[in-house]
Amino acid sequence: MKNPYAPIPVTIDDVFIENEQRDIKTFRLAFDREEDRACFAYLPGQFAELSLFGTGECPIGIASSPTENGHLLFSVKRTGVVTGELHASAPGRRMGIRGPLGHSFPWQRMEGKNILIVSGGFAFTTLRSAIVYMLDPANRQRFAKITTVYGAREPGELLYKKSIADWAARPDIEFISTIDRQKDGWDGKVGLVPNVVKELAPSAENALALVCGPPIMIKFTIPVLLELGFAKEDIILSLENRMKCGIGKCGRCNVGPVYVCKDGPVFTWAELEKLPAEY
Amino acid sequence: MGMDKGLLRRKDLDALISAMRATAVVYAPVRDDRGSVMFHEVDSALDVRLDGTNTLTSPKGLFFPQREILMRFSGAALTNADLPDGFFVVFGIRPCDASSLPWLDCVLCGGEQPDPYYQERRKNALVIAAACDRPGPGCFCTSVGGSPYGTAGADVLMSGAKEDDALLFEAVTEKGRQLLAANAQLFSPADAQATRGREERAEAARRSMKVMDLNGLKDKLDAGMDSPLWDSLTRTCLGCGVCAYICPACHCFDITDEKLGGDGVRVRSWDSCQFPRFTLHASGHNPRPLKKARMRQRVMHKFSYAVETAGTVFCSGCGRCVRSCPVDLDIRRILAAFKDLP
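As given, the protein sequences belong to chains V and B, one line each in that order.
For what it's worth, the working numbering labels the leading residue of the first sequence as 1, then goes sequentially.
For what it's worth, the working numbering labels the leading residue of the second sequence as 280, then goes sequentially.
Simulated from the structure, these hints should not be mistaken for laboratory data.
Be careful, since some hints might not be right.
Straight-line distance between alpha carbons at most 30 Å, and here's what the computed BS3-like set of lysine-lysine pairs gives [as the list claims (entries may be wrong)]:
| hint | chain 1 | residue 1 | chain 2 | residue 2 |
| --- | --- | --- | --- | --- |
| 1 | V | Lys-2 | V | Lys-113 |
| 2 | V | Lys-262 | V | Lys-162 |
| 3 | V | Lys-161 | V | Lys-189 |
| 4 | V | Lys-161 | V | Lys-2 |
| 5 | V | Lys-219 | V | Lys-25 |
| 6 | B | Lys-402 | V | Lys-262 |
| 7 | B | Lys-618 | V | Lys-274 |
| 8 | V | Lys-219 | B | Lys-499 |
| 9 | B | Lys-538 | V | Lys-77 |
| 10 | V | Lys-262 | B | Lys-571 |
| 11 | V | Lys-262 | B | Lys-499 |
| 12 | V | Lys-162 | V | Lys-189 |
| 13 | B | Lys-284 | B | Lys-441 |
| 14 | V | Lys-25 | V | Lys-189 |
| 15 | V | Lys-25 | B | Lys-538 |
| 16 | V | Lys-274 | B | Lys-570 |
| 17 | V | Lys-219 | B | Lys-571 |
| 18 | B | Lys-441 | V | Lys-232 |
| 19 | V | Lys-183 | V | Lys-219 |
| 20 | V | Lys-274 | B | Lys-497 |
| 21 | V | Lys-198 | V | Lys-183 |
| 22 | B | Lys-570 | V | Lys-262 |
| 23 | V | Lys-2 | B | Lys-454 |
| 24 | V | Lys-113 | V | Lys-198 |
| 25 | V | Lys-232 | V | Lys-219 |
| 26 | B | Lys-499 | V | Lys-2 |
| 27 | B | Lys-499 | V | Lys-274 |
| 28 | B | Lys-489 | B | Lys-441 |
| 29 | V | Lys-219 | B | Lys-570 |
| 30 | B | Lys-402 | V | Lys-2 |
| 31 | B | Lys-571 | V | Lys-274 |
| 32 | B | Lys-497 | V | Lys-232 |
Simulated DEER-style distance windows between Cβ atoms [stated by the list, open to error]:
| hint | chain 1 | residue 1 | chain 2 | residue 2 | range |
| --- | --- | --- | --- | --- | --- |
| 33 | B | Pro-507 | V | Glu-233 | 28 to 36 Å |
| 34 | V | Gly-84 | B | Val-606 | 34 to 42 Å |
| 35 | V | Glu-34 | B | Ser-353 | 35 to 43 Å |
| 36 | V | Gly-84 | B | Gln-345 | 23 to 31 Å |
| 37 | V | Gly-84 | B | Asp-293 | 27 to 35 Å |
| 38 | B | Ser-353 | V | Glu-174 | 49 to 57 Å |
Note that beta-carbon positions come from the ideal geometry of N, C-alpha and C, so glycine has one too.
So that you can see chain V by itself, here it is in the shape it has in the complex (with noise of 0.2 Å):
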């Protein structure tokens, strides 16, 4: 029987700062085994527990998308005492990781209509995911028209700064990224994003939109879809909460009737506005 506790072995192979304030770190991971590599079947909006031996183990959203063969990516920020170890490790460490957990972004239900990503901050990375996946060439014709509206507080809070150039750039996707504040040298967009979205309009004929940010970006983009006329089912949104086991048993991540970990983390605005909001 496999234990679902264990962690599978892996090793730090690069590390990427992301940010001017240098607390976010992408980590890319090898798997030490080939088989491990082979099984580990996953789709964007998955997350996974990464694990230190000797300190614990935090669950993060995957930031690699499963086009991306033979490494996994995770963008972490240093919050606490594994996040601390994390970033304080160099390529070459052993870890481990167990996962994937949890359910993918609706990829069934995504297929042939207009995806709206709407995004703020660090909360970025399984969005990069779901970016990366759909633009693959085996996958863009998979979906209509692909928009992305990105905002930081400044520039240097941009994650994936080299990706975001190069989608910017690109006829396949319209990717817009802002900041909350005019900074010297940004020739961007400038405002909030639930602002920016309104502005920028989208229609909400044959789309679903995917929403991960802050709560407070989550909170006034809500109305702002949902005036656009996106349905509350077809508004899809990622939640974090506390979790140990990440498989639906040590009861931390629990809201109301559902587990963040083994039902989430990925619900519709439908299903979370039924929920007690404990996340």
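Following the hints, position chain B against chain V.
Here is chain B on its own, set in the frame of chain V:
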């Protein structure tokens, strides 16, 4: 092949325990050196306490230990802890506690990824329940679908017979029938004379308990999520968590690493939703910052969420949380208050 019923003279209980000990470790209620009746390993019938109220803590720890090593590591090398092996018998568990085992199964064995440690112990255990003739203060099993002579979760139910000179063993599962068959020489046939009074005793035990009508409680609770009752009813709660630790159905746990030098263990230990840090995010955000939200979580999980996800309440009415709460925060009072809402 098994045997459905048998009568055991009380003086032969020791022989039965010895026989079971040939292949299994036997746990039973014992008064320990601190004066508490708790489940411990026994080597004879001498110390077994089948009378009196229930054990101080529930016997769930025999299946789901309070502290359990999941992994061992040395540097970056990691090994799974060995799965528990060896048969064991839980002798004299009360029907309320036995009835909680299928609920723990739902959570720990359910889903796509069963918990191998718990599952192995469940597979290796025989559960012999002792019918409850004197429900204790605070007990309310009959209000939550249970019964002092209930058989849910048990392999065998035993009850007093022949003026208490004997014990009637009734097999509930095939495992139970096999136990009776394997020890057939100790049992006499449970004929009509032997089982006389059995139904009357069960009925008397049932009747000794006050029944709360909890029909429709879930809907009232669901509608009352924002009710001010949560403030007033939980004001005295200390957040000590004793209700969760002694509960046969509570199953929340923590996973932590312990390390000395380069070697260490990853440990699973009981936890409680009554502790503020249970849900505290690393960012400082806490989805349940107030004790009323935490007590609401405990009550809602047992009486609303579990009904949705498992089709049953996760409360056996064992009454431990009623008896042990240091501020007399009686869960029955919470249930009744919501049940009485218009």
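- Query: Would the pair B:Lys-571 and V:Lys-274 pass a check requiring their Cα atoms to be no farther apart than 30 Å?
  - Reply: holds (20 Å)
- Message: Run the distance test for V:Lys-219 versus B:Lys-570: straight-line Cα separation, threshold 30 Å.
- Response: Distance of about 25 Å is within 30 Å: holds.
- Message: V:Lys-274 and B:Lys-570 were given as a pair; does the straight-line alpha-carbon distance stay at or below 30 Å?
- Response: holds (22 Å)
- Query: Are V:Lys-113 and V:Lys-198 close enough, with their CA atoms no more than 30 Å apart?
  - Reply: Status holds; Cα separation ~20 Å.
- Item | Pair hint outcome, B:Lys-402 versus V:Lys-2 [Cα-Cα no greater than 30 Å] | holds (17 Å)
- Task: Would you mind confirming whether the straight-line C-alpha gap from V:Lys-262 to B:Lys-571 stays at or under 30 Å?
- Result: holds (26 Å)
- Message: Please verify whether V:Lys-219 and B:Lys-571 have alpha carbons no more than 30 Å apart.
- Response: holds (25 Å)
- Hey, V:Lys-161 versus V:Lys-189, does the alpha-carbon distance stay inside 30 Å? holds (15 Å)
- Task: Take the C-alpha atoms of V:Lys-262 and V:Lys-162, compute the straight-line distance between them, and say whether it is at most 30 Å.
- Result: violated (33 Å)
- Message: Can you confirm whether the C-alpha distance between B:Lys-499 and V:Lys-274 stays at or below 30 Å?
- Response: holds (16 Å)
- Message: Given the hinted pair V:Lys-25 and B:Lys-538, is their Cα-Cα distance within 30 Å?
- Response: holds (26 Å)
- Is it true that the CA of B:Lys-538 sits at most 30 Å from the CA of V:Lys-77? Between B:Lys-538 and V:Lys-77 the Cα gap is close to 24 Å, so the pair holds against 30 Å.
Violation of the numbered hints given earlier is confined to hints 1, 2, 4, 18, 26, 35 and 37; the remaining hints are satisfied by the structure.
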